[in-house]
Amino acid sequence: MPDLVGHAELDCIAIGATVLGTGGGGDPYIGKLWAQRRTDERGPVRLLPLEQVPDEALVVAVAMMGAPSVIVEKIPSGGELVVALRAVERAVGAEADALICIEAGGINSTIPFALAADLGLPVVDADGMGRAFPEVQMVSFAAHGLSATPMALADERGNVTVIECQSPEWAERLGRAIVSAEGGAAVIAQYPMRGVDLKRTAIAGTIGLAYEIGRTVLGAGRRMDSLLQALTTQLGAAVLFRGKVIELERLTEGGFLRGFLTIAGLGEQGRTSCSISFQNENLVASTEGEVLASVPDLITILEEESGHPVTTERLRFGMRVVVLAIPCAPLWRDSRGLAKAGPRCFGLDLDYVPFETRLGRRA
Amino acid sequence: MRIGVDVGGTNTDAVLIDANGLVVDRTKTPTTADVSTGIRNALGQLLRNRPATPISAAMLGTTQCTNAVVERRGLRRVSVLRLGAPATTAVPPFTDWPADLRAQVEGPVAIIAGGHEFTGKELSALDVEAVKRTADDAARAGLSIAVVGVFSAVNPDHEQRVAEVCARVAGPDHPVSLSREIGSIGFLERENATILNAALADIARVATTSFEEAVHAACGPARCYLTQNDGTLMALDYAVRYPSLILASGTANSMRGAAYLAGVSEGLVIDVGGTTTDIGILVRGFPREAPFAVEIGGVRTNFRMPDVVSLPLGGGTIVRQKGNQVRLGPDSVGFRLTDEALAFGGTVSTFTDAAIVLGRATLGDHSPAMSESTAAAAYAMAMDLVERGLERMRPSSAPIRTIAVGGGSVLLPDCMDDGLPLLRPSDFQVANAIGAAISEVSGGVDRILAIGSQNSQQLRAEVEHEAVANAVAAGADPTAVRIVVREEIPIAYLSGNAIRVRVKAAGPMAISE
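Residue numbers (my numbering), protein chains in the order written: chain A, 1 to 363; chain B, 364 to 876.
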């Protein structure tokens with residue numbers, strides 16, 4: 001894990017965040033350019049190990065909320081982050097000592113670094129998901145009973161809304177409505193908490209992990225076999241399937257990108273196929289009607305040619321891909337985690353079984 | 364009759380096509396450094412024995428714009444007018460550009476109030492005074508202007524108003540590039556594309572003027588067109604304003620030519636040249652477009668481009684042997700093939716030589732000194748590369764027709780792994796120039812729609828109607844226009860159902876021969 005995060009480290013984090021984004025989470029490209037610009041100007045940001053966060057320190061999560069397809073068109077002004085943070089600080093009555101990423105997957109892995117560089121604050125090497133999830137309550141802090149609010153939403157015009165909610169689920173519902181009114185994307189500051197609470201609820205080391213994954217992908221060049229070897233060791237990942245995308249069905253429903261894709265096997269898997277269903281993020285991978293892996297475990301697709309991870313929006317027919325399963329953070333495998341982000345939270349009639357167990361049964 | 368011309372890196376090809384669409388004659392001449400001499404030579408050869416042939420139209424496909432960006436030559440400095448404040452300032456223009464290109468192209472940058480939300484409502488009112496100042500400064504300094512508005516694909520109003528102000532302040536001929544005419548949704552990529560377009564203003568003027576002069580000198584007052592990278596035509600005055608649409612037009616032409624010659628509208632096309640092999644796919648007779656960002660000269664853009672796999676394999680690809688190890692390319696002798704390859708008395712072992720040794724082709728006047736085992740190993744590697752490329756483009760495992768074009772396609776076997784014979788139409792060597800000559804005229808719409816359950820059919824019909832109207836306005840025959848691209852992409856994370864709709868209509872030119 002790097003002590004300081006600057007331009008080069010952000011390049012790696014963005015790639016690792018796409019792996020942890022499991023197909024969703026938004027393309028980290030714009031967040032990366034934004035954060036790189038701030039760190040180029042103000043100097044690199046200190047990455048603070050979770051165990052070193054003082055008990056009394058106030059830590060706030062900052063992120064973008066909304067449609068990735070709006071964010072790539074209506075880029076933020078840059079000033080929203082500090083406006084949202086200050087609003088939460090006023091509501092709490094204290095100044096933030098550090099920032100944290102709500103999710104290590106997708107665009108929100110890089111956003112806090114832009115603000116941290118401006119304010120000279122450290123970013124904690126941890127997050128609330130260890131991956132990407134689509135909703136405000138699908139966060140380790142919520143699974144441990146912490147409040148998402150006071151939560152502030154700020155847009156590029158200087159509008160700022162502070163909401164106090166009786167549950168993270170309500171923060172999601174109200175927040176989504178405000179974001180929609182503001183044009184489909186806004187910056188949020190949420191889950192203000194003390195170090196003592198952060199240390200017992202956050203998922204440790206995930207930003208450093210994203211960085212290491214990015215380094216591995218870049219270091220492997222196009223040598224897919226050595227890349228897969230390295231990711232297996234680094235993440236406990238398993239290759240679920242290798243093949244070619246032959247079917248891709250995407251539609252929006254309730255504001256989410258839902259659909260499925262089918263991958264036809266090549267080589268020794270020639271006669272089989274693998275299908276993956278997604279709701280922004282990849283949810284379930286199965287072959288011949290048998291589930292191989294499901295949410296909250298991570299299902300990530302790498303492009304065979306480049307070795308780079310691919311988001312759902314960039315998938316296309318004919319692409320040769322490798323499907324990886326990566327174990328989720330242990331929290332998501334127990335009853336509190338499954339209640340927030342298990343298969344049933346995504347409307348799936350499926351009991352969660354860790355993919356390692358599923359693959360073990362097959363073998 | 365009409366003439367199609369394709370200026371490639373190696374050759375300038377020209378074809379003469381009669382009113383029935385039959386190829387009357389064809390010629391291949393070397394591309395010259397100034398391009399226009401090569402075009403004059405090609406036209407001269409083509410019409411040598413037909414001095415009085417009436418030529419109604421001449422169409423050009425050219426790599427000049429691509430080369431200018433890649434080689435950083437002849438680019439104009441650009442003044443960027445971004446309509447989006449207070450949004451978008453987190454990432455200013457030119458942020459992720461290679462330093463050398465940026466140093467040549469970057470001019471003053473203004474991020475001013477303007478632009479729209481995805482709903483089409485104003486993000487902020489357009490700052491007309493700032494537009495006037497920018498236009499005035501750009502006119503004084505002789506800079507191209509690139510105009511990029513947030514969600515201009517949804518609502519073009521602000522970009523259009525900026526164009527009007529610029530025309531008033533800087534004069535109607537001052538180069539102004541509007542982003543909605545160039546790229547699709549994805550702000551930074553579209554901005555980069557628009558800036559490159561603006562930077563190509565001079566190259567485009569030279570390319571169009573020299574083509575028109577060469578055509579008029581060789582065949583009188585024929586109408587001249589340039590081909591775009593979607594395989595359709597544009598008038599020269601439009602090409603001067605939108606030179607970025609010329610990028611990769613050669614690839615599109617060769618695929619359109621392949622479709623035409625083989626009489627096939629769905630299938631794969633393999634175009635084997637001297638240095639590279641391009642594999643693309645035809646949908647309704649047009650090249651399928653690449654779905655996401657393409658890099659040009661190190662800049663991330665969202666130009667619409669044909670979706671092709673480019674392989675480092677061509678007739679001139681160098682074969683090397685070290686001990687038992689045979690290596691193929693990726694470098695090539697390119698246009699020096701007929702001097703340097705073994706088969707032509709040279710000293711370099713090439714993929715062409717390997718094919719000759721294996722009896723797959725008869726070319727040149729020397730028997731290549733290459734062992735059969737080396738040739739077989741090199742050829743197998745080449746076929747593996749091609750098979751993998753075909754595999755990537757194949758829409759499904761079902762057999763699909765595959766058309767081989769380009770001078771190097773004689774080196775391919777008669778059928779690929781799926782067992783279907785390769786289609787080798789006559790005149791396959793000049794498919795690109797033929798593709799230029801038979802180009803159609805198109806019009807498109809790219810927009811985000813909020814789809815409710817009742818009105819979705821009606822909204823879709825309106826978009827198609829608009830695309831057809833655009834094609835007719837651009838010169839297509841109203842009786843023969845049809846929808847050639849229809850694409851809907853759902854938009855994630857928005858409440859309500861929003862989709863991005865892209866529709867394109869195309870038809871033959873309305874003017875009779």
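What the hints contain is simulated information worked out from the structure, not anything from laboratory work.
Certain hints may be false.
[What the hints assert, rightly or not] Here are a few chain B residues that face chain A, going by a calculated C-beta distance under 7 Å: (1) P449; (2) V454; (3) Q523; (4) E544; (5) I548; (6) A585; (7) P762.
[Claimed, not checked] From the structure, some residues in chain A lie toward chain B, with a derived Cβ separation under 10 Å: (8) K74; (9) G93; (10) G289; (11) E290; (12) R316.
Glycine is no exception: its CB is placed at the ideal position from the N, C-alpha and C atoms.
Going through the hints against the structure:
no., hint, verdict
1, P449, "holds, 5 Å"
2, V454, "holds, 5 Å"
3, Q523, "violated, 18 Å"
4, E544, "violated, 16 Å"
5, I548, "holds, 5 Å"
6, A585, "violated, 40 Å"
7, P762, "violated, 14 Å"
8, K74, "holds, 5 Å"
9, G93, "violated, 29 Å"
10, G289, "violated, 20 Å"
11, E290, "violated, 22 Å"
12, R316, "holds, 5 Å"
Hint compliance for this structure: hints 3, 4, 6, 7, 9, 10 and 11 are broken, all remaining hints hold.
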